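Student: One letter stands for each residue in the lines below.
2 protein chains.
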Amino acid sequence: MIFAATETDSSQPESTFDLSTYLVKHKKAINLALDSALPVIYPEKIYEAMRYSLLAGGKRLRPILCLASCELAGGTAEMAMPTACAVEMIHTMSLIHDDLPAMDNDDYRRGKLTNHKVYGEDIAILAGDGLLSYAFEFIASKTENVPPQQVLQVIAHLARASGAPGLVGGQVVDLESEGLKDVSLETLNYIHAHKTGAVLESCVVCGAILTGASPGDLQRFSRFAKNIGLAFQIIDDILDITATAEELGKTAGKDVQAGKVTYPSLWGIEESKRQASQLIVEAKEQLAVFGNKAQALLAIADYIISRSN
Amino acid sequence: MIFAATETDSSQPESTFDLSTYLVKHKKAINLALDSALPVIYPEKIYEAMRYSLLAGGKRLRPILCLASCELAGGTAEMAMPTACAVEMIHTMSLIHDDLPAMDNDDYRRGKLTNHKVYGEDIAILAGDGLLSYAFEFIASKTENVPPQQVLQVIAHLARASGAPGLVGGQVVDLESEGLKDVSLETLNYIHAHKTGAVLESCVVCGAILTGASPGDLQRFSRFAKNIGLAFQIIDDILDITATAEELGKTAGKDVQAGKVTYPSLWGIEESKRQASQLIVEAKEQLAVFGNKAQALLAIADYIISRSN
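From first to last, the protein sequence lines stand for chains A and B.
For the first sequence, the positions run 535 to 843 when this note's numbering is used.
For the second sequence, the positions run 535 to 843 when this note's numbering is used.
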């Protein structure tokens, strides 16, 4: 908490903000919204497959970031809830498709069998397609009390982050780098800025777009999100080495086993931790202008480097 | 042309309308728009894979329907071009994913090797995901001279048609029915109304939504499109039996070989042709209220049952 204390209004100590309660409350609201967004109708199998992965738990960090940034930018959680649900649908789609045998070939995810292990590859591909389509339908049809022009901007931003200029592009470079021993830091940064970073940045920026935030503020939200996104990935790489499969809910030590280039493999664990911390410091500086109002996002930034799974 | 003559303004004989020129002109405009929509940038492989299937030819019937319905409803082709491109991106995505080994396992499409045969399964899955995302980005960011509320309605409608309530749901029931000998007419209708019909209906309806068409007119466009969509599928089933692979640009006789239930297998070829013709008659009745202005859509309806590939 030392970084935040220097940046925010010191007359309101940050310790009054209870991140744990905040996360629990918002996660509960998001899980309820996701659950009711996707009832099981005919043909049941596809809705069950979509629900299986969408409601498999997870930290809901992306949708929480979306709600928090909307609130910080002067909006309400209600305005941002359809977009928050959509980012989780897109994130889930990417996990289902990444886990396929033709991609990373993973059997477990969030402590459960992966989608294709339960429903078959064909249904898993279609469940991903269905979630991706539904994400945009959901934003377009469920967002309330937001000017339609801003909703369109959110759709354009999030779709771009999900496609070849974002998530898909990052995954392609990741696949191309597989098995290579000489992956450069530049390539590693590209992979993560796109594969994980783009949608995460979009969560935060879209939350602010919904409120009609100024270009300057959108820039600040974007930089904040890019930094915490990269820090998040560095910590992920470290946890792959130091955490157990039980803590992670997925196979541990996979990167080392696959001979994959990671931040710890380039920098070592200690330097990786230092770099992650520095990114968080710089992320929080971007929000200094908002003072204590930013406490939720600042606390989430700190949480990202302190997490154990 | 006998059906049209009874429905449209007889003072302007339909023969003045040259469908062939109309199709060539619009197809050219669509191909140009698709080509410039998707330049090859880093990482090149994914853009090349997306372009490979998107620019592989095809009749461009869906985007042409979208432009034609927008024009009939009082709009311009320019207003509808981003939506028209998007429906072709979504259609292409569905072909790439359908052809995967885990799905229909096809080696040829539109006379060329399928996407995964050229780029690998992993890239083919991602190329589909990229096209689906880009479709919505493209509508949201490129549509001009249309009130944003109407653009949002188009996105919601098309996303719904692409997802589990449409295309994806139809594909699931199709997969579930594979190898079954007792597929009912009801199930067969469900499959086609969703797998082929939903996006085709969305092309036509979205073209009209962009102009702010009345609910009554949207209903007419919707009924017209549902009928021609089903007729299109019946003709597809017939061509699978009667046409050569060269004419089709894909493997012929696949349905019979796979023991698949089709309209000709339920009804025989002659009755299938009769049903398709009847659907076209009823489709055209929906547009009678527009008189001669509807000549492009009426001629396309006739073309659908007379085509040989």
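Everything labelled a hint here was simulated from the structure, so no lab data went into it.
In this text, all values refer to a predicted model and were calculated from it rather than measured experimentally.
Some hints could be false.
Heads up, the list lumps identical chains together, so a pair's fine if it works in one copy or across two of them.
Stated by the list, open to error - With a straight-line Cα cutoff of 20 Å, these simulated DMTMM-like cross-link-like pairs (lysine to aspartate or glutamate) come out:
1. Lys651 x Glu710
2. Lys579 x Glu720
3. Lys651 x Glu582
4. Lys794 x Asp640
5. Lys561 x Glu819
6. Lys579 x Glu819
Student: Which of the stated hints cannot be reconciled with the structure, identified by number in ascending sequence?
Tutor: 5 and 6
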